[in-house]
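Asks: Once you have looked at the hints, place chains B and C on chain A.
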Amino acid sequence: MRRAELLSRILIIIGIILAVGAPLYFWKSTPIIHAQMADDGGWSPDVIQAEVGKPLHLKFTSDDVVHGFAVGQMDMQSVDILPGKVTDVTLNFDKPGIYTFFCTRWCGLNHWRMRGTIEVSGSPSDPEPVSPPLYVSLDLDIDAPHESSLVPIIQPSAVSGQQFATNLPLDQSTDYYRSHSPYEVFEDLQTTSLTDGQRWDVVAYLWRSNTTKESLENGKQLYAQNCAACHGENGAGDGVFADDLAQAGEASMQSMSGAMDMMMQTPVDFSDPKRMLGASPALLQGKILRGGMGTGMPMWGSIFTEEQIWDLIAYLYSFQFEYEK
Amino acid sequence: MNPRFSLLLFVMAGLVVAFAPLPVPAIAPQEQTFEIDARQFAYSPSELKVNQGDTVIIRLVSADVVHGLYMDGYDVSVEADPGQSATLTFIANKPGSFRFRCNLTCGAMHPFMIGKMTVGSNNWLYRSIGLAALVVVGVTTSLKQKA
Amino acid sequence: MMAKVELTRHPLIKNALKSRYPQLAVFVVMLVGYIFAILAGLIGTPVGSHNFSIVFVWIAWWAILILVAVPFFGRGWCAVCPIPLPGEWLQRGAVLSPPDKRPKWLNLRVPKMFRNIWLQNISFLLLALFSSVLLTTPNITGIVLAVMLFAAIGLSTIFERRAFCRYLCPVGGFIGLYSQTAPIELRIKDKQVCVKCEGKPCYNGSAAGYGCPWDVFPGGLTKNTYCGLCMECIRTCPHDNIAVNLRPFSADVAKPSTRMDEAFKAFIMLGSAMIYAGVLLGPWGTLKDAAYGVGTGAWFIYAVVFLAIIFGILPGFFSLGLLKTKSAIPFKQRFASLSTALIPLGLMFWVAFSLSFVLTNASYILAALSDPLGLGWNLFGTANVAWQPMLTTILAPAQTLALVVGLIWSAQTAQKSASEAGVSPLPIIFYSFVATSIMLWLLL
Numbered sequence: 001m002r003r004a005e006l007l008s009r010i011l012i013i014i015g016i017i018l019a020v021g022a023p024l025y026f027w028k029s030t031p032i033i034h035a036q037m038a039d040d041g042g043w044s045p046d047v048i049q050a051e052v053g054k055p056l057h058l059k060f061t062s063d064d065v066v067h068g069f070a071v072g073q074m075d076m077q078s079v080d081i082l083p084g085k086v087t088d089v090t091l092n093f094d095k096p097g098i099y100t101f102f103c104t105r106w107c108g109l110n111h112w113r114m115r116g117t118i119e120v121s122g123s124p125s126d127p128e129p130v131s132p133p134l135y136v137s138l139d140l141d142i143d144a145p146h147e148s149s150l151v152p153i154i155q156p157s158a159v160s161g162q163q164f165a166t167n168l169p170l171d172q173s174t175d176y177y178r179s180h181s182p183y184e185v186f187e188d189l190q191t192t193s194l195t196d197g198q199r200w201d202v203v204a205y206l207w208r209s210n211t212t213k214e215s216l217e218n219g220k221q222l223y224a225q226n227c228a229a230c231h232g233e234n235g236a237g238d239g240v241f242a243d244d245l246a247q248a249g250e251a252s253m254q255s256m257s258g259a260m261d262m263m264m265q266t267p268v269d270f271s272d273p274k275r276m277l278g279a280s281p282a283l284l285q286g287k288i289l290r291g292g293m294g295t296g297m298p299m300w301g302s303i304f305t306e307e308q309i310w311d312l313i314a315y316l317y318s319f320q321f322e323y324e325k
Numbered sequence: 001m002n003p004r005f006s007l008l009l010f011v012m013a014g015l016v017v018a019f020a021p022l023p024v025p026a027i028a029p030q031e032q033t034f035e036i037d038a039r040q041f042a043y044s045p046s047e048l049k050v051n052q053g054d055t056v057i058i059r060l061v062s063a064d065v066v067h068g069l070y071m072d073g074y075d076v077s078v079e080a081d082p083g084q085s086a087t088l089t090f091i092a093n094k095p096g097s098f099r100f101r102c103n104l105t106c107g108a109m110h111p112f113m114i115g116k117m118t119v120g121s122n123n124w125l126y127r128s129i130g131l132a133a134l135v136v137v138g139v140t141t142s143l144k145q146k147a
Numbered sequence: 001m002m003a004k005v006e007l008t009r010h011p012l013i014k015n016a017l018k019s020r021y022p023q024l025a026v027f028v029v030m031l032v033g034y035i036f037a038i039l040a041g042l043i044g045t046p047v048g049s050h051n052f053s054i055v056f057v058w059i060a061w062w063a064i065l066i067l068v069a070v071p072f073f074g075r076g077w078c079a080v081c082p083i084p085l086p087g088e089w090l091q092r093g094a095v096l097s098p099p100d101k102r103p104k105w106l107n108l109r110v111p112k113m114f115r116n117i118w119l120q121n122i123s124f125l126l127l128a129l130f131s132s133v134l135l136t137t138p139n140i141t142g143i144v145l146a147v148m149l150f151a152a153i154g155l156s157t158i159f160e161r162r163a164f165c166r167y168l169c170p171v172g173g174f175i176g177l178y179s180q181t182a183p184i185e186l187r188i189k190d191k192q193v194c195v196k197c198e199g200k201p202c203y204n205g206s207a208a209g210y211g212c213p214w215d216v217f218p219g220g221l222t223k224n225t226y227c228g229l230c231m232e233c234i235r236t237c238p239h240d241n242i243a244v245n246l247r248p249f250s251a252d253v254a255k256p257s258t259r260m261d262e263a264f265k266a267f268i269m270l271g272s273a274m275i276y277a278g279v280l281l282g283p284w285g286t287l288k289d290a291a292y293g294v295g296t297g298a299w300f301i302y303a304v305v306f307l308a309i310i311f312g313i314l315p316g317f318f319s320l321g322l323l324k325t326k327s328a329i330p331f332k333q334r335f336a337s338l339s340t341a342l343i344p345l346g347l348m349f350w351v352a353f354s355l356s357f358v359l360t361n362a363s364y365i366l367a368a369l370s371d372p373l374g375l376g377w378n379l380f381g382t383a384n385v386a387w388q389p390m391l392t393t394i395l396a397p398a399q400t401l402a403l404v405v406g407l408i409w410s411a412q413t414a415q416k417s418a419s420e421a422g423v424s425p426l427p428i429i430f431y432s433f434v435a436t437s438i439m440l441w442l443l444l
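Residue numbers (this note's numbering), protein chains in the order written: chain A, 1 to 325; chain B, 1 to 147; chain C, 1 to 444.
Just to be clear, a hint being listed does not mean it is correct.
[Said to hold, decoys possible] Footprint (simulated), chain B over chain A, 3 or more residues, beta carbon under 8 Å:
id: 1; region: 63-75
id: 2; region: 79-86
id: 3; region: 237-249
[Unchecked claim] Under the rule of at most 20 Å between Cα atoms (straight-line distance), these lysine-lysine pairs were calculated in the PhoX-like manner:
id: 4; chain 1: C; residue 1: Lys223; chain 2: C; residue 2: Lys255
id: 5; chain 1: C; residue 1: Lys255; chain 2: B; residue 2: Lys144
id: 6; chain 1: B; residue 1: Lys146; chain 2: C; residue 2: Lys416
id: 7; chain 1: A; residue 1: Lys85; chain 2: A; residue 2: Lys28
id: 8; chain 1: A; residue 1: Lys85; chain 2: A; residue 2: Lys59
id: 9; chain 1: C; residue 1: Lys326; chain 2: C; residue 2: Lys416
id: 10; chain 1: C; residue 1: Lys14; chain 2: C; residue 2: Lys189
id: 11; chain 1: C; residue 1: Lys191; chain 2: C; residue 2: Lys223
id: 12; chain 1: C; residue 1: Lys255; chain 2: C; residue 2: Lys189
id: 13; chain 1: A; residue 1: Lys220; chain 2: A; residue 2: Lys287
id: 14; chain 1: B; residue 1: Lys144; chain 2: C; residue 2: Lys416
id: 15; chain 1: C; residue 1: Lys326; chain 2: B; residue 2: Lys144
Everything labelled a hint here was simulated from the structure, so no lab data went into it.
From a predicted model like this one, the values you see are computed outputs, not experimental measurements.
Ideal Cβ placement from N, Cα and C applies to all residues, glycine included.
For reference, chain A alone in the conformation it holds in the complex:
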């Protein structure tokens, strides 16, 4: 064979081997966590191993739409995971345990199901006493109906309430606020000489005094990022996924013969005074922590810190009460 022919053949074969081998090699040797919409698989892999004190370097990419990444109960900024691009994240853990990571940009109806776990091993520190959430220690049945028997005629105003509250022996403690529904507080105020409207105003004031401007802002942001898609940007239970959830409920009603109240259903309307005013912050905390058990309401226990949940709850009541002016 002529030299030129031999060299050419070698060149071609090397070229083909490189064209096939290089991509395969780099693909195999680059561990990337793929984010996909929940219905297409969610996170892959969805279980990550880590060690206390050892920085965890992760690479993420999205295979379809814009996703985001954050670890629950950890003080970290969420990072966006963009389709076709790679995002690097480094995490550090001081305590062993199972952490939940989750998607932070809405990616379809089942966005909230897009979760995974990071199993962090290491020498366990002194075990922290785990206290049960308030609704458990109060023995609240958070699935029981909690309609308020009375509702205000106009939206109660915290500012007006403040004038009346100064002369009242009002228990403004956090424990009282958290364990009572607005209606219960309204009832407790019947010994006073105030009108119904004024009493509701005092309730509004009590609610407002148990939170801060920063907390309300934080709650508003949490609501917009996590709840508005289903519960509506104005809390009316008319978010972009509300119809899909209701339809899913109707569809499953035909196949399931079980409890109807645990079916997928339209998200709660926070602007409905009957439901909201009959719910105590502890009850709301319970719902948020535990989720809706098949109603489509996610469980947030492993995602939000306690502080975040109280901030969110404070914001939810602002659909009922006028806090400004």
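Replies: Using the frame of chain A, we list chains B and C on its own:
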């Protein structure tokens, strides 16, 4: 008629059809608000009509995943997550037809997620069809002349 | 009218084309790139806009093909396409000049029934019907590229010459048709020389090279349609009687073909350009869902309508225009020869359509160059270049220019074929005008 002269005549006519300024109807600019639903892979409504000079307010509501809206020709855009609608405001000072498209990858058919905004009248389309008609007229007359 | 300019008269050009080394260098680069595109499609990111296979096949390669290669170089892409190469090298038993002993493959002649472009019409339509998925999904593109490569290799072991290229390749079908309008051609210089030539090595091969892989007799070439510009005949011709010439645009459509397969190819291309413009670039979401949902009921309806437009509506109205004119020439012949007017029209439809999505998405090319597989690389520093439509102000005028030029060109072609057929070109010109207006409305 001298063929070269006819050709010149048609080229002049073509230039007129393409570039002669048309009177712009004097409509007082107003504010026009549109709520556009974005889902994989279409906008609803997908066709908007405004007058030249109007202030256009587009409220983008993403109904399934994160979408964006980029307006061709104006180079302005907005993005919205489901549950976090966003608003794009601009003044439609350029007349004509402009496509708007999604500028945040939202799935396979993302590059074809397209809508259309018409500001005033889509004059360039009419001029183009006019030019095409002129070609036909030109060719027909030259044929008749040869015959 | 510009006369022909023989490019191969210049020794630099002639030697560059005759020598196998420059061509081989281009071939190796193309083949490696093609195989890389297959791998990228199969294992790279599933996000089309960031995958080398989608960006470099459907944006970069397509732009160069339809905006430069076809209008200016006819079958120029075929001259450098890597698809036939592995099969051809196997067939020939060599990568460069003929070896002493060639491997014995079947070398069957393609059956007469398939020696036309109907298979290419069908393969193009098959791809067109699921084009929404093909254009946006990397692994589908990877699979289609791989299938074409292996089909070409397989066919080369069974049939003689470049059977895939000549009779099956979906791209070759329309490149061939449109190459008739290109300003470049490969032709013999003196017919008498060929008449006296013994053995016709341009077709049968010799020690210097192989017989025409495109199954064309160079001595009889009058049109570009089936010559793939592989330069093999320039190497084998012992009389230096073959030249590559520069010539006026659309010289070949002055000699209209009367073949029905080519006529229908013109309608297939015209129709698909219009349908793509409406479905992909229009604001109608239901059409896009139907086109993308391959296998669903809506897609089935879309496919039926697609085929009805191409095989029914477009040729139907065309025929109506024809029927109005009386001529001695049989209807089928008139239909075929007058449909040549749709060749320059269709080419410009594709140019106008392609300009839109190429200019809108060309910025992806830079990102895909730096991170072809979506693994987070940044080879050339351009991985984070943001998506930004390009040259948006000139797009509409460019599309109008392309379509109006196409109409003028089509009218001129109609005039020539019509006068040969002894009929009036006016119905055809009017037909082209209506089609152009529809295309303008769809794009602008």
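Asks: State for each hint whether it applies.
Replies: Hints, one by one, checked against the model:
no.	hint	in the structure
1	63-75	holds (count 3)
2	79-86	holds (count 3)
3	237-249	holds (count 3)
4	Lys223/C - Lys255/C	holds (8 Å)
5	Lys255/C - Lys144/B	violated (23 Å)
6	Lys146/B - Lys416/C	holds (13 Å)
7	Lys85/A - Lys28/A	holds (17 Å)
8	Lys85/A - Lys59/A	holds (10 Å)
9	Lys326/C - Lys416/C	holds (17 Å)
10	Lys14/C - Lys189/C	holds (14 Å)
11	Lys191/C - Lys223/C	holds (15 Å)
12	Lys255/C - Lys189/C	holds (19 Å)
13	Lys220/A - Lys287/A	holds (18 Å)
14	Lys144/B - Lys416/C	holds (15 Å)
15	Lys326/C - Lys144/B	holds (18 Å)
Violated hint for the displayed structure: number 5, the only one.
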